[in-house]
Every structure is written in structure tokens, then in C-alpha cells.
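Spelled out from the first residue to the last, the chains are:
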Amino acid sequence: MSEDGQARNHWFDDEAGPVVRPYAMTRGRTTSPAQHRLDLIAVVVTEPDAGDPESDPGLSPEHVEIVGLCRGAPQSVAELAAELTLPIGVVRVLIGDLVHAKLVHVTRPVPPAELPDESILRDVINGLRAL
Amino acid sequence: MIFGRSERGKPPVEPVTLKILVAGGFGVGKTTLVGAVSEIRPLRTEEQLSETGRPVDDTSGVESKSTTTVAMDFGRITLREDLVLYLFGTPGQERFWFMWDELSEGALGAVVLADTRRLEDCFAAVDYFERRSIPFLVSVNCFEGADRYPAEAVRQALDLDDGVPVVLCDARERGSVKEVLIGLVRHAMDHAADRREAALN
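So the sequences go chain by chain: U and F.
Sequence positions in the first sequence follow the numbering used here and run 1 to 131.
Sequence positions in the second sequence follow the numbering used here and run 1 to 201.
Keep in mind that the hints were calculated from the coordinates and are not lab data.
Here the structure is a predicted model, which is why all the values come from computation and not from measurement.
Do not rely on the hints blindly, as some may be mistaken.
[As the list claims (entries may be wrong)] Coverage of chain U stretches by chain F, computed from C-beta distances (three or more under 8 Å per stretch; other residues unrestricted):
1. 37-43
2. 92-101
[Stated by the list, open to error] Some but not every residue of chain F turned toward chain U, in silico, with C-beta under 8 Å:
3. K19
4. R80
5. A157
6. L158
7. R186
8. H187
9. M189
By construction, the Cβ of each residue, glycine as well, lies at the ideal position given by its N, Cα and C atoms.
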């Protein structure tokens, strides 16, 4: 794309940045049917009886990697995005696929309306003190 | 994958996760603060700017930054096996407010980090949290070489409500940052109690 002659043939230029590649992994989808709004700190847990995701031809290497990462220890959406170096939007779609395939489930963080629960906040203070 | 299956039958602990936001102007030390208490090196996650964000995507002055992504640094503190706190540095520029909206949803509270040499840089953050009644405190990062002002002077300069705590800190010091976070959670508890009371009356 940086070649002068070629650049003119494209409707976009380098300034547009890498607009194509990440969402190619989701086959162009920006949402997935099973995707409830995933918070950045929602935790992804691999189902204990999830089989070998590699045997599923419908899954990409990135899908397989997420299942593997969350099998060791549950991971937040933000951590997965950082680990896979993919934009959060892409990771959300991939997780949605995996939820749909019943390979993982997602635990919702404490709902905002219930958040200021005193006992949890007290636990946080005690936890911070003990650091 | 080499993950053993020996733990079969014993499901992994699914922790309760909470988040605290760290806001403030560019270069005020947000990532430093996160790094001081995080058990992991601050991670970076990126979101791509949507097309609707483009017309206002004026990057003059920050040419070295990508024009298509907004990055957030975050850290993690495992308080207990089943209780994990995440700290998110909010994207520096105000134009990324669409990310702030998502970040602040369900947040326990926010630390607004201030530099007394550029106090105006945190006006936007103070205003943002005030409007959404998200509990926050202002933490003055004591940069070497910067004049020290009493907390009260900072409060007046920022026109803060009486209830908003103002504390001095050193964003590089783990102990100092711990105190800031404890102060914020305490404030969040008071805030919640006030709201409950208001709801009853």
C-alpha cells in the first residue's frame, strides 16, 4: 500500500490506518447474536465440559486461544483483548461466538444499580489495606 | 494447549470484578499510578474509533498517536481469590468520551489525578463525574519541582463540593496510591449511604 503506484488504486490511503484486518477475523461482523453487552470486566469462563475447540472447523485460531486462556483461569474481556492484541470490539464478537457454541460462559460484573453494596466495599478496603 | 485436565470437577473460581477509573490530563501520571499498585504490568487495550467519531477526530498536536484507535491502560489487583479490582486509566483526550461512558458504567468510583501546574487539565474529568454523580476524589500528584499547595487551595481552584475529598499523593509510591484508593472506596461508601438516605426521604 505504501508503494506509490499501488496506493492510487485504493479508495483508502495509509491514513485510514489498518481498518480491515481486525474485523476480518470476525468475518466483518461487529456484533454477534449471543453477545449481551459485555463489560470490560465481565469474566469469561471456559465450560468445564468444553471439548477440544480445535476440532471445530467453524472456529478461528483466536477463538481457540480464548478457550485455552480461560481454561487455565477465568479472564476479563479487557485482559483477553490485551493478551490477543485485538480491539475490544473484535474480542466481544469472538466471545459471543464462543458463548453461542457453549464453549464458554460469561459472568456479569455486579450490576451498576446494586453496586454500592457496603459489605463488598468493606471487603475492598480490607483487601487494599492488606496489600 | 498444555493446560492440564487434573482440575476437572473442580470449577475455577469465578471472581466478582470491580473497577475504579483513573482520570486526569495527558501526562499527569495515570499509568504510573496504575502501575504502582497493579500486580501485573499495566496492560494496554485498544478500541477502534467508529466512523461517527471521525469528524471530531482532530489529532493536531498528537501526530504520533494512531488516528484510528483509542488506547486504555489498565491494571489488576486480586484482593481475594473471589474479588478482583481493575484500575482503568481513562483515555487522555476529552473527545474520547464515548469510551468514558462505557468505562464509567458500573464503576465503583474514580480518582481524578491532578498536577498543580496544569490544574485546568482535570476540569473536564471533574465535570464529567459530577454530572453523572459518580463518586470521585481529587488526588494531587506531587511532582518534584512543582509548588505544593494546600488541599484547600486546590479544592477552591476546582470549585469542588465540600464532600469531595482532596488528597496529596505520589503516583509512583505503592503505599501512597493504596491510601488514595482506600480514601476513594470510603468516599464511595459515604456516597452510597447518602443516596440511600435521600431515596428514603
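Worksheet item: Against the structure shown, which of the earlier numbered hints fail to hold, in ascending order?
Response: Hints 2, 5, 6, 8 contradicted; others consistent.
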